[in-house]
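**Q** Given the sequences, and given the hints that come with them, work out the whole structure.
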Amino acid sequence: MSSNAITIPGIRVEGKPWVDTLHEWVTTVDHKRLGILYILSALLFLAIGGIEALIIRIQLIHSHNEFVSPQVFNRMFTMHGTTMIFFVAMPILFGFANYLVPLMIGARDMAFPRLNAFSFWLSFFGALLLYFSLLGGSGLYGAGNAPDVGWWAYAPLGARAFSPGHSSDYWTLALLVSGFGSIGTAINILATVLCMRCPGMKLSRMPLLVWLNFVMAGMVLIAITPLSAAQIMLLIDRYLGGHFFDTQAGGSAVLWMHFFWIFGHPEVYVLVIPAFAFLSEIIPVFSRKPIFGYPVMVAATVAIGLVSTSVWAHHMFTIGMNSYANSFFAITTMAVGIPTGIKIFNWIGTMWGGRIQFKVPMLFCIGFLFQFLIAGLTGIMQAAVPFDWQLSLSYFVVAHFHYVIVGGILFALFGAFYYWYPKMTGRMLNERLGKWHFWLFLIGFHLTFDVMHIPGLLGMPRRIYTYEPGRGWDTLNLIITIGAFIQAIAILVFLANLIISYFKGTEAGNDPWDAWTLEWSTSSPPPAYNFATVPTVASRRPLWDLKHPEDPDSQYE
Amino acid sequence: MRSTTNSINIRVLRELALSALSSVLLPPNALAEPSHLTVTNIFAPQSTPAKSIFDLSIFVLVVTGIIFIVVVTLLVYSISKFRAKSPTHNSEPAQVYGSTQIELAWTIIPILIVVVLFLATARVLHAVQDAPKPASAVEVTVIGHQFWWEYRYPKLGVVTANELHIPVSDPVHPTPTFLQLLSADTDHSFWIPQLAGKTDLIPNHPNSMWMDPQHKGVFVGQCAQYCGTQHAKMLLRVSVDSPEDFAEWVREQQRPAVADERVAVGKRVFETTACMNCHTINGTVANGRFGPDLTHLMSRSTIAAGAALNTPENLSLWIKNPEAIKRGSLMPAMQLSESDLDALVRYLETLR
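From first to last, the protein sequence lines stand for chains A and B. The first sequence lines up with residues 1 to 557 when you count with our numbering. The second sequence lines up with residues 558 to 909 when you count with our numbering.
FYI, nobody ran anything at the bench for these hints, they're computed from the structure. Careful, some of the hints might be misleading.
[To be verified] Below, computed lysine-lysine pairings styled on DSSO-like, alpha-carbon distance capped at 30 Å: (1) LYS712/B - LYS435/A; (2) LYS638/B - LYS435/A; (3) LYS547/A - LYS202/A; (4) LYS547/A - LYS642/B; (5) LYS712/B - LYS773/B; (6) LYS773/B - LYS690/B; (7) LYS504/A - LYS16/A; (8) LYS504/A - LYS435/A; (9) LYS547/A - LYS638/B; (10) LYS712/B - LYS690/B.
Treat the numbers as computed from the prediction; the structure is a model and nothing was measured.
**A** In structure tokens form, the structure reads like this:
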């Protein structure tokens, strides 16, 4: 690592026609542009999925509301879940991985740039396929358009007897197509991390973000393949006379549940491990200390990855498994809490004794820590199987997993946006708007999802489009809906910040946060080739070594 | 039925938590009314499985509550104590890379907590799930349909729908009710929060559950597993009767339908239209099984799986335009003339 890592800025051609610019973006194989495309498409679908959530919330604002019909409500929660998991959370995290992993390991691109482009367009067209169901779904007269089987599509609801027309086929094909895209990206990340590291970047010196995305990519391979297999089996059932899940012909509904959750639970960690990755980069920089217990953080991540492949049936405690199976999945689920707890302690350990700067990225990370702690504890409650017999399928579960996905993953993502936006665009996000965004979103989040636990405890099941008065659910649902709208306003502030700062933000320079990983050694935004000369590193914090030659990390490792 | 409660001896904590929780969670109108009609609170158990779950849940809440307090204290302390004093402060703090002892401690302590939680869980799990069925148990087969519940009492020869009747279970001579859970179409889930946790009804996958309420009353709940368009209006009512009332109810239900000459016109409408394709009325030629058994329709207080009260007006509306009460229900609009409809409703009203 030496000063030659500071590169010349990319050459800008002035006055290029917009068609050429568009053409460049569509045909690009540059990992940074693909990363940004992933992120932009995810933001588009975040807005769409958010509107669907608001429709759900308006319908539930009081008992016997008639804002939408039950059919439309069921389509809304199906589309909301499918969109948010497959076309927001995964693409946006893949986008950051795409953008950051090569930069952080001192590489000039991903291992397979064309596969990278192919994977992005597969997942983008997968999303379009899902939304095309709104136009093309009613293959039969009177059949619905958008799918209404739920994002989990439990058999036999997905069978032709219960889902006539083509709406659920679009769901199946969308997941199948984008699933192949995810597998492509996962293979690409694995190959990049294994083969493209710059000189001196041993596995034990990789930034934690790279390590965690490496584990995430491995889990994608484990998780997406059974989902794709199940989708193919479902298509065989629907069009080739198969009976895998066709209960009317002796098929098994439980088989589908197993396939779905063997995907579904590792998927949670596919989403949350990259969120851990953001924290593991942001917290040290804003605490001005290296991550506490790097080897343990890596080991805990790998442990989470391994254990989380054996917890899937905790989504199925109510389906009547025998008590031994229930006990097995209870202990594995509780065991995941151990490495996750270690991570939370290590992040606190990183802050301990530091000089914490409360910039917006750090605020979101602290929000994450608080909320993810609660999400983990409500998770432990549901791992206590008999308790879960009450909690499962109720609004408590909805509150729990939104705590994970919104309170955890989305908060970490917002932190990542504020932290790496300067690198991606060359301009800082506005700090004042960022604080508005943070506090509004925090208030909205807690109003919605803290309160949402309670109707679950009061017996309110999920997925109901209306409810009876007099159960004590009305006021709670009103508060939840108000919170949802506050969150929506916060998201608007965020989007406005992204746009305004792109044009009017202060110049970021190469290294606005005084950070320590390789991406901050190149210009903002980095040139197409990332580094003029391939850097050489001697420790986990190459830029620390550069800035503190008298006390380099390499001395201690 | 041996009680499985008090496996965890935390009475004091329990009392405290109970009063705190009930003040937060009990809806105010439920406190005002003695009736349990609107209570679906999981913290107000009325039957052994629900009570065992309640005890476990309090234990888990206390343990997780302690973890929460400890971790949040550490978090709040570190963010308030170690905030940068001034933004211009340039020197870096001491660079600490980790500590084996501390990391070992916060690995081992969670492992111990997990072991304790697992043992408590496994004990209640086994006690509830593997409870033996006594000879005195009442057996009911519950069949989930889109979007209603069918109940069959195989030993008693009773078939009814949506409103389940079971006897009070006296702890000295327990008569728990054991449900066998089946599904005719999609997945459903049987959930009466005050009586037991939920168990799914899955086609080709028979399940079972049990409950032994010790007090009379009506307990409500609803289908908890998404089963199609009208999942929301697939409500559950369980009437827990005294042994005498239950025996009387069974005797009533075992009789064939009353044949009243004054409503012969309505009966003929029922038997000559599509009604009989889906509904059974014992003692007539109608023996369909797609819809609820109507032999003793008037013994039920609601229609359409709890979507409306069982009044002549609602019954008439339900036959004429089911969409007005329950959109997406599989009951078709019957397209009867006004006079036929009136006669039919008058006939149905005699089915006591």
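**Q** None of the hints should be skipped; say for each whether it holds.
**A** Quick rundown of the hints versus the structure:
Restraint check for LYS712/B and LYS435/A: not satisfied, since their Cα atoms lie roughly 67 Å apart, outside the 30 Å limit. A C-alpha spacing of about 21 Å is found between LYS638/B and LYS435/A, which places the hinted pair at or below 30 Å, so the restraint holds. A C-alpha spacing of about 21 Å is found between LYS547/A and LYS202/A, which places the hinted pair at or below 30 Å, so the restraint holds. Annotation: proposed proximity of LYS547/A to LYS642/B holds, straight-line Cα distance about 22 Å (limit 30 Å).
Taken as a hint, the LYS712/B and LYS773/B pair is honoured in the structure, with Cα atoms around 23 Å apart against an allowance of 30 Å. Using a Cα cut-off of 30 Å, the hinted pair LYS773/B and LYS690/B holds, with the two alpha carbons roughly 22 Å apart. At most 30 Å may separate the alpha-carbon atoms for a hinted pair to count; LYS504/A and LYS16/A meet this at roughly 21 Å. This hinted pair checks out: LYS504/A and LYS435/A have alpha carbons roughly 17 Å apart, not beyond 30 Å.
The hinted pair formed by LYS547/A and LYS638/B meets the criterion: a straight-line CA distance of about 27 Å does not exceed 30 Å. At roughly 15 Å between alpha-carbon atoms, LYS712/B and LYS690/B fall within 30 Å of each other, so this suggested pair holds.
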